[in-house]
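There are 4 protein chains.
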Amino acid sequence: MTEKGMTKQRIKLCVGGFSFTTSTEVLSRFPETKLGKISQSSPYYDRTCDVYSFDRDPNVFSCILNMYRTSELHLPSNICGNAIRRELEFWEIPETQISECCWIIMFQVDQGEEISQDLAANFEKSTNVETESPCGRFRDSLWKCLDQPNYSRIAKIWNTVFMVLVAVSAINYCLETMLEFRVPISGAEINSSVRKNLSGNNLKIELLMFTKVYPSLSAIDLVCLCIFTVEFILHFLSCARKRKFMKRFLTWVDIVTISGGWSVYLTEMGFRNGFVAKNYDMFILYVVLRSFYIFRLFRFLRLSERFTGLKVIFLAINRSKSELILLGICFTIFATVFGSIQYYCEFENNHFDTVPISIWWAVVTMTTVGYGDYVPSGVCGYLVGSTCSLLGILVIPMPIAIIAANFNDFYKRNQQRQQRLKKQMPPPKKMSTIKVNPCLSKLTH
Amino acid sequence: MTEKGMTKQRIKLCVGGFSFTTSTEVLSRFPETKLGKISQSSPYYDRTCDVYSFDRDPNVFSCILNMYRTSELHLPSNICGNAIRRELEFWEIPETQISECCWIIMFQVDQGEEISQDLAANFEKSTNVETESPCGRFRDSLWKCLDQPNYSRIAKIWNTVFMVLVAVSAINYCLETMLEFRVPISGAEINSSVRKNLSGNNLKIELLMFTKVYPSLSAIDLVCLCIFTVEFILHFLSCARKRKFMKRFLTWVDIVTISGGWSVYLTEMGFRNGFVAKNYDMFILYVVLRSFYIFRLFRFLRLSERFTGLKVIFLAINRSKSELILLGICFTIFATVFGSIQYYCEFENNHFDTVPISIWWAVVTMTTVGYGDYVPSGVCGYLVGSTCSLLGILVIPMPIAIIAANFNDFYKRNQQRQQRLKKQMPPPKKMSTIKVNPCLSKLTH
Amino acid sequence: MTEKGMTKQRIKLCVGGFSFTTSTEVLSRFPETKLGKISQSSPYYDRTCDVYSFDRDPNVFSCILNMYRTSELHLPSNICGNAIRRELEFWEIPETQISECCWIIMFQVDQGEEISQDLAANFEKSTNVETESPCGRFRDSLWKCLDQPNYSRIAKIWNTVFMVLVAVSAINYCLETMLEFRVPISGAEINSSVRKNLSGNNLKIELLMFTKVYPSLSAIDLVCLCIFTVEFILHFLSCARKRKFMKRFLTWVDIVTISGGWSVYLTEMGFRNGFVAKNYDMFILYVVLRSFYIFRLFRFLRLSERFTGLKVIFLAINRSKSELILLGICFTIFATVFGSIQYYCEFENNHFDTVPISIWWAVVTMTTVGYGDYVPSGVCGYLVGSTCSLLGILVIPMPIAIIAANFNDFYKRNQQRQQRLKKQMPPPKKMSTIKVNPCLSKLTH
Amino acid sequence: MTEKGMTKQRIKLCVGGFSFTTSTEVLSRFPETKLGKISQSSPYYDRTCDVYSFDRDPNVFSCILNMYRTSELHLPSNICGNAIRRELEFWEIPETQISECCWIIMFQVDQGEEISQDLAANFEKSTNVETESPCGRFRDSLWKCLDQPNYSRIAKIWNTVFMVLVAVSAINYCLETMLEFRVPISGAEINSSVRKNLSGNNLKIELLMFTKVYPSLSAIDLVCLCIFTVEFILHFLSCARKRKFMKRFLTWVDIVTISGGWSVYLTEMGFRNGFVAKNYDMFILYVVLRSFYIFRLFRFLRLSERFTGLKVIFLAINRSKSELILLGICFTIFATVFGSIQYYCEFENNHFDTVPISIWWAVVTMTTVGYGDYVPSGVCGYLVGSTCSLLGILVIPMPIAIIAANFNDFYKRNQQRQQRLKKQMPPPKKMSTIKVNPCLSKLTH
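Chains as they are written, first to last, in the numbering used here: chain A, 11 to 455; chain B, 11 to 455; chain C, 11 to 455; chain D, 11 to 455.
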């Protein structure tokens with residue numbers, strides 16, 4: 011067997027009970043790896059049987075040995091990337107040695123890891139500082155009650171009540187703008203002085219000026235406002251980490267909504283007393299304040315504590331920033347180009363008066379919304395319109411599909427996570443702190 | 011080999027004919043598992059060869075042994091989760107030991123199982139109580155004839171005839187509302203007293219009041235109604251499990267349709283005799299009764315016995331409840347937020363008069379339906395409209411894609427199920443009742 | 011080792027060089043299989059080493075042996091279903107023994123096979139009967155020239171010319187309907203007698219009556235018609251299998267187009283001579299004949315010889331019949347139900363006058379086309395409209411996704427097929443006619 | 011063992027340490043392969059142990075040996091196609107021997123390779139000729155500054171400034187067409203002589219004739235134009251490979267934009283001096299020149315240097331030419347056929363006056379844009395409309411899904427590529443130049 015000289019010496023390797031054979035020359039091709047440096051003085055060498063024994067996974071080793079033979083490291087797609095990584099570490103082979111065609115395995119496992127970390131970080135329960143005093147304990151349980159809908163039965167009930175109130179206040183907000191839910195203000199003649207400032211007759215402004223909300227709706231709104239204010243104050247007081255609390259998006263939603271609500275209430279009081287209504291600027295301010303009411307809709311985001319899918323959507327979009335930028339750029343370029351082309355193609359058509367309007371048409375066409383407010387009418391315009399809609403349904407979905415795939419990854423991961431947690435697993439006795447060091451493999455002898 | 015003392019003793023394991031080697035120290039890392047507790051007094055120990063022999067799958071064992079080596083349990087993605095589960099049970103390793111990155115294997119196999127159970131439960135033939143008397147046998151075959159379209163040749167023909175009748179009655183119902191298929195009522199002047207109650211001229215009410223259905227259509231409708239009534243009575247009488255029968259959705263569709271049909275028929279008779287038409291409230295009742303006609307369309311769902319795809323859609327939607335809730339919440343929040351923003355952005359535009367109308371606009375835009383009944387007209391409104399449509403085609407498909415994937419899983423599973431049944435397989439001699447107990451593996455010695 | 015009696019006797023199996031061990035009791039669980047019936051008198055038994063040797067794949071055997079151990083047959087997903095089938099045949103295990111969770115492997119391989127056969131059957135070249143006479147050879151090459159665009163250089167050129175002519179005739183057909191490409195007929199006053207039959211003024215009928223096609227367009231059309239006629243006659247004469255030729259869809263497209271073309275030409279001649287125009291019925295016939303012009307568009311389907319993707323679409327749709335039926339049923343039920351509901355919800359709105367119109371609205375909404383010709387206007391109508399559009403984008407894509415996946419399978423398969431053919435492969439020396447019989451494995455001894 | 015004669019002689023093969031057994035007869039089935047030609051005189055033969063030893067991958071060999079047994083070559087889907095290719099080369103088995111069902115492995119690996127090459131070729135940095143003179147070095151760094159945004163800090167800043175200028179000039183271009191950003195020209199009465207040439211009053215032409223851009227906007231535009239001109243001149247001068255530079259798309263975008271910009275500027279100067287405005291043809295030329303402004307939007311494509319996703323879209327579309335042709339053909343045929351059918355179905359409806367208009371309707375319906383400018387109104391038209399929209403959402407997405415999948419492949423590949431580059435990998439010490447020759451395997455002895 012050794013007839014061809016010392017260099018081409020045959021070598022026997024026993025990995026996890028399986029025996030592999032190769033020659034020293036083959037192993038010496040990657041001299042910086044563990045196998046490249048191996049010699050009979052190695053602790054893995056077993057003199058009795060003239061074999062090098064390792065207590066490692068034989069399946070992955072089979073691929074690694076192929077690397078020495080063919081100079082390329084191809085990996086089987088059925089083995090978990092993390093398992094491969096461990097083995098590569100042991101055999102002292104850099105990850106970058108993996109050939110490009112098989113790199114996807116490491117890529118996927120890395121992505122999966124990042125998704126898991128994202129999910130873990132976001133579904134981690136916010137803990138409060140625990141104090142021993144009865145007051146402290148009360149504060150703590152109050153906090154949890156208000157903040158974690160799944161904390162206790164009371165928390166659950168409160169959260170449901172809160173959501174109902176949010177829904178009531180949102181519906182209220184919608185109905186308030188309808189004539190059917192409003193009654194005329196008696197002192198309407200006072201406001202008529204303001205009206206002169208208005209050009210033409212705007213229905214919405216007239217509505218706000220000459221009518222007020224039906225009293226019972228108004229009362230419900232006030233009750234909701236009071237409850238939300240109290241809830242927010244309690245939430246703030248019971249909070250132990252006030253700085254962290256103030257950094258939350260939902261805290262600011264609360265602040266804007268509550269302060270906006272009280273401002274509108276006070277302005278409306280002023281209206282009724284006639285002294286604001288005479289001032290047109292004050293009226294505009296009132297409309298702007300009212301528009302802050304929109305923020306109360308964001309309170310629904312609290313549902314994301316219960317319906318994790320909602321949070322997952324935000325996480326997925328958050329991780330897809332580069333795809334969103336791509337989508338934005340594509341969309342802008344396409345809309346501008348097609349809008350401009352259409353502007354000139356329909357030059358003799360009075361519909362596409364300005365480029366911005368043509369761009370609006372292009373947006374409406376590319377998203378296949380197609381309102382029909384601006385429509386091409388010449389042959390040339392038809393061609394541009396067809397191309398625009400076809401390119402819209404061709405290019406726009408491309409980045410969207412990537413974002414949707416990201417969401418899918420997150421969603422499935424989250425489902426798996428929850429199924430795993432459901433199987434009432436104490437986080438697996440990972441022992442992963444015992445970093446597997448090279449010595450471990452020596453133990454087999 | 012034992013030079014490093016007793017603890018680091020080398021161990022030979024023979025699993026299904028393949029030999030694995032490791033050390034006792036490695037095995038002792040998970041002391042509560044079968045291998046962790048192993049000793050020379052174990053029945054698996056074969057003193058002659060100093061080897062522990064197991065008659066199990068060597069491929070899965072290879073991964074399990076890696077767990078002892080690296081403290082993480084990674085699984086190959088090509089082995090069926092059920093096979094892995096069996097092996098984990100044998101080696102006394104809890105499922106939760108599987109690392110997070112490989113958990114997907116168990117997740118998928120569990121999901122597949124649930125889908126299979128769902129399908130099996132829903133495509134199971136409803137069996138009737140079998141009685142020996144000739145009357146009982148007749149009742150039984152009548153039931154099967156009416157209930158299972160694939161039971162016999164007659165059942166098939168009857169089902170086809172029934173479907174044709176359903177289609178005829180549905181088409182009839184559509185045509186009845188068209189002026190072309192109606193003739194004026196002679197005593198129309200009587201009704202004119204009722205007409206005073208109407209504000210403006212509503213075409214539909216006038217149609218119902220001053221015209222009646224073309225006699226031949228009317229006759230067809232009556233015939234269909236009679237046949238359906240008889241069919242339902244026979245179906246009910248032949249049924250042995252009346253309680254279960256009454257719980258079906260389709261039973262109630264039948265009841266509502268048939269009772270609605272007869273009420274309308276009687277009311278119309280009254281009309282013709284003039285005594286109902288004088289009463290406006292009675293007329294409204296008549297319209298409401300007519301609207302129950304819609305239920306007759308649900309009779310088409312009986313087709314799901316033949317076209318299993320239809321049932322699969324319902325099963326898939328039924329299993330996707332959480333995704334549907336997510337879709338609903340997303341949709342509501344987005345529509346409300348964008349509707350509200352648009353309400354204020356187009357404040358000076360009389361199109362978006364109230365918030366509910368703006369929400370309707372947002373819904374129409376997000377789903378890319380784009381009727382064009384409400385269209386933004388300012389630059390600000392254009393921007394909000396573009397964002398709204400873009401976010402619509404970005405976010406709405408996310409939960410829908412998950413539901414579609416669920417449907418796909420169900421559909422493919424169903425196809426596989428039917429292909430398998432087609433290969434005329436007597437349900438595989440599963441023997442799975444013989445729970446594989448640990449003793450089995452002792453047999454190898 | 012045999013201490014537990016004869017029944018639990020250990021057995022050694024050598025499959026393709028790998029040794030497996032198990033007990034006779036385990037093997038006897040499936041007594042009708044090859045291993046279940048094995049005994050020392052079997053030809054596979056090698057007395058010298060007390061081992062049963064088989065020259066088969068050890069990987070698949072590993073799974074098969076697991077079946078004896080756990081009573082369930084799970085298969086690794088990385089092995090090709092066809093390879094598994096071969097091994098199952100050899101080991102005399104029925105395919106139906108495969109557990110439900112792993113059945114997908116066989117399902118996929120069967121589907122792939124069917125797709126391959128479909129593709130092979132449709133892309134097979136149509137061969138003509140070969141005759142030895144010079145006339146026969148000329149006829150044969152003429153046929154190939156006309157029928158197979160890739161046959162020779164001339165065939166390619168002719169096909170391109172033909173496609174250009176088809177395009178010219180199609181564009182001609184579009185332009186003929188435009189006033190810009192028509193000139194008034196001098197004898198227009200003659201036709202005026204016909205006009206009395208028309209109620210109101212229909213632009214299209216007036217166009218056909220009082221104007222004729224611009225002479226040069228008319229001439230181009232006639233030239234095309236002549237060329238197509240000659241081509242068809244040559245195609246028919248050169249064809250050796252006339253019966254098969256007459257069964258083709260494209261042949262009938264040609265026949266309808268050409269006969270329609272000549273009829274229209276003759277009728278128009280009659281028009282100009284004034285004797286047809288006096289007859290209104292004759293005019294209607296003329297319009298109907300003209301409508302057959304649409305068939306000339308189907309000539310474009312000849313492109314499918316060159317752009318195989320077009321044929322693949324038809325193949326995919328052809329194989330997706332059950333999904334198409336499902337789509338049709340879903341679509342019809344949903345449209346009818348939502349149309350009917352909307353009819354009653356918008357009862358006081360004059361827009362939705364009849365149920366068919368409401369169904370049209372539902373179709374337009376579900377497909378998200380949203381013309382805006384019929385739009386709900388009440389709160390109730392808004393809710394139904396939102397639900398309808400949302401359910402449309404939820405349910406309609408489900409069967410469509412399955413059809414699209416079928417197309418994808420076909421398309422990828424076709425790409426693979428063409429890549430393989432490109433590697434200039436003489437159909438692999440399959441030798442697959444040598445059915446692998448059980449004797450083969452005996453050879454190893 | 012050799013009792014059955016010489017032909018059925020058992021053979022032992024040791025591949026990478028694993029032993030396989032088979033018979034010579036089995037191996038002789040493919041006599042042109044390495045194993046088919048093997049004999050005891052082969053260098054792989056080891057007389058001592060009566061075994062043929064090869065230092066190759068045992069996993070792939072296992073499949074190859076199965077080929078000899080069953081005459082079909084099936085491959086495991088988990089092994090990388092490139093690794094398989096290497097082994098097939100060694101064993102002298104032609105790739106075409108792979109069975110059709112497993113061909114997908116080679117197909118995918120080939121496609122992946124092509125995508126990688128495409129990406130590598132397109133993201134390669136353009137290098138300039140390096141000269142040693144200080145002038146040359148300055149020129150080189152100037153080139154890199156202007157051409158490679160990631161070259162240095164200054165390059166990055168310049169690129170950002172440039173993009174801002176492009177955006178400013180694009181916004182400017184949009185605003186210029188709005189009446190709000192224009193002032194009336196004093197000498198408007200001069201132009202009135204031109205106006206006579208116009209039929210009717212076209213808003214856009216009037217805008218261009220009687221108003222000019224607001225001076226400050228005009229100034230900004232001029233500044234941008236100057237900067238772009240200077241930048242282009244510097245870019246051109248600093249370029250060492252001028253021929254390659256002139257072949258770029260973006261170079262021509264620059265040329266057209268800049269020359270167009272200056273022409274418009276000069277024409278407008280002429281306008282103000284009154285001597286151009288008298289000529290109507292000159293005015294048309296002016297409009298055409300202005301339309302070249304659209305090209306300035308294409309400058310945004312320079313962003314693709316930074317947002318690689320943009321380039322990836324173009325690469326994906328570039329590779330999907332055949333799918334695009336398929337999409338185009340499908341779309342054209344469907345639109346023409348449905349448009350024509352609708353033309354005749356709605357013959358009595360004045361909406362669908364000509365076939366081209368009907369085709370436009372079909373396009374708008376199939377893409378689900380649904381403007382509502384042309385809407386069917388008869389029952390027949392409704393049916394055709396429903397079918398058209400349903401077929402649109404059925405067939406159009408099919409080729410689009412293939413293109414989207416291509417994009418996805420490119421995008422993921424690009425992500426992997428960038429992750430790999432990020433791990434700061436010097437291109438892996440591939441050593442792949444050492445072509446693995448058959449001698450290597452001899453080394454094991």
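There's no promise every hint is true.
Same chains, same label: a pair holds when it works inside one copy or across any pair of copies.
[Unchecked claim] The calculated lysine-lysine pairs, modelled on DSS-like cross-linking and capped at a C-alpha distance of 30 Å, are:
no.: 1; residue 1: K331; residue 2: K47
no.: 2; residue 1: K222; residue 2: K432
no.: 3; residue 1: K44; residue 2: K254
no.: 4; residue 1: K154; residue 2: K22
no.: 5; residue 1: K432; residue 2: K47
no.: 6; residue 1: K432; residue 2: K252
no.: 7; residue 1: K22; residue 2: K222
no.: 8; residue 1: K432; residue 2: K44
no.: 9; residue 1: K433; residue 2: K252
no.: 10; residue 1: K254; residue 2: K331
no.: 11; residue 1: K433; residue 2: K422
no.: 12; residue 1: K47; residue 2: K433
no.: 13; residue 1: K214; residue 2: K166
no.: 14; residue 1: K166; residue 2: K331
To be clear, the hints were calculated from the coordinates, so they are not data collected in a lab.
Outcome of the hint check:
no.	hint	result
1	K331 - K47	neither (45 Å within a copy, 51 Å between copies)
2	K222 - K432	neither (52 Å within a copy, 62 Å between copies)
3	K44 - K254	neither (49 Å within a copy, 48 Å between copies)
4	K154 - K22	neither (63 Å within a copy, 54 Å between copies)
5	K432 - K47	between (48 Å within a copy, 28 Å between copies)
6	K432 - K252	neither (32 Å within a copy, 39 Å between copies)
7	K22 - K222	neither (93 Å within a copy, 88 Å between copies)
8	K432 - K44	between (42 Å within a copy, 25 Å between copies)
9	K433 - K252	neither (35 Å within a copy, 40 Å between copies)
10	K254 - K331	within (25 Å within a copy, 35 Å between copies)
11	K433 - K422	both (17 Å within a copy, 28 Å between copies)
12	K47 - K433	between (46 Å within a copy, 25 Å between copies)
13	K214 - K166	neither (40 Å within a copy, 49 Å between copies)
14	K166 - K331	between (34 Å within a copy, 20 Å between copies)
In this structure, the hints that do not hold are numbers 1, 2, 3, 4, 6, 7, 9 and 13, in rising order.
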